[in-house]
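**Q** Here is how the chains run, residue by residue.
Number of protein chains: 2
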Amino acid sequence: MPKIVNHEERKKQIAQATWRVILKSGMEGASVRNIAKEGGFSLGALRHYFSTQEELLVYAMNLVKDQARERINEILITDLPPKEKVLRLLLEIVPTNKQTLVEMEVWFAFTFHFRNKKGVYDPKHDGIYEGIKRIITFMDNEKLLKNGIDKDIEAEKLYAIIDGIALHAFLEKERLNKERIVQVLTSYLDSIFI
Amino acid sequence: MPKIVNHEERKKQIAQATWRVILKSGMEGASVRNIAKEGGFSLGALRHYFSTQEELLVYAMNLVKDQARERINEILITDLPPKEKVLRLLLEIVPTNKQTLVEMEVWFAFTFHFRNKKGVYDPKHDGIYEGIKRIITFMDNEKLLKNGIDKDIEAEKLYAIIDGIALHAFLEKERLNKERIVQVLTSYLDSIFI
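Order-wise, the sequence lines are chains A and B.
Numbered by my numbering, the letters in the first sequence go through residues 29 to 222 in order.
Numbered by my numbering, the letters in the second sequence go through residues 29 to 222 in order.
Chain A on its own, in the form it takes in the complex (with noise of 0.2 Å):
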């Protein structure tokens, strides 16, 4: 029997194999002879799939926001009652598990190379500030936002609050863990939400 190659399963075994490069020696380790290399793939299938690095630099990095929206769509479609349901919405973009760790590891590296060059990738639009503005509006709906509270800026600052979250987890793994990081953010989400 022919071997059938699976050209979407070959695409993420590829940007798989870049995510642990990063891990290793960061962006400027990112070449495609050292992807190559670590995915077991010929430099000819690599550039089968992806014709230069950047395209495949965008490719492994669209699909970590990929893999956190799958998750969080799971999430949206369960029954859980919206306080509980925004909590673990949240806890699925920060690092509280190996996962997500790898996840913001990946995020900060393509920001950090990315964030100049315009055009090629926005790591401004990650979609996390829209979804936090969504959070909010979605609780106003249910009628469960509490008197006087200023939607514009409380976005802003649970958006600030994720982030930061983010940062600290990523540099500080034991000190901010998981128990600690749900402490944070239930705190925040009590001062606003009835």
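Bear in mind the hints are in silico, worked out from the structure with no lab data behind them.
Watch out, some of these pointers could steer you wrong.
Chain copies aren't distinguished; within one or between two, either way the pair holds.
[Stated by the list, open to error] Listed below are the simulated BS3-like cross-link pairs for lysine-lysine, each with C-alpha atoms no more than 27 Å apart in a straight line: (1) 201 / 179; (2) 145 / 52; (3) 145 / 206; (4) 111 / 206; (5) 93 / 201; (6) 40 / 113; (7) 145 / 201.
Chain B: place on chain A using the hints.
**A** Coordinates of chain B only, in the frame set by chain A:
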């Protein structure tokens, strides 16, 4: 008259040339050769003050901290009302002007460069978390904290807000301008202070 060289002044000039190189081309461009060229120093002059590249980088990073600390000390000795003093202190450590934006850029570059190198420079201990804990204790001593505030959790939350704002102001300086930062911080401080 013989030329009098102020050694501290000269070291500062070298550190400032280091920041400029980092701003232009990141840590990967911060070679002793590039720094000498940027500042108009000879390689020999640089080596006279710093025997290794790492020694120079750590000095340049510590100078960022010293500058921030000086500005903070100036605010601490003012007669401002406690709440206003706290807001002014916090505004010195998030990027609201060209000077603090440069500091943030250099701080992030150093953080990523040194974060896995033990014993050289610890970006986790930049003093911001300690400073925030002191601010909360100060407000508690002044009897200005609301009832039922968990000081430990609020310190962690404010620390996240500060570094989250720093990260976002650094990535999106147009959107997150000083006026908006003041609004977010004031809203947070109002939630814990009487």
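**Q** Tell me the numbers of any earlier hints that the structure contravenes, in ascending order.
**A** 6
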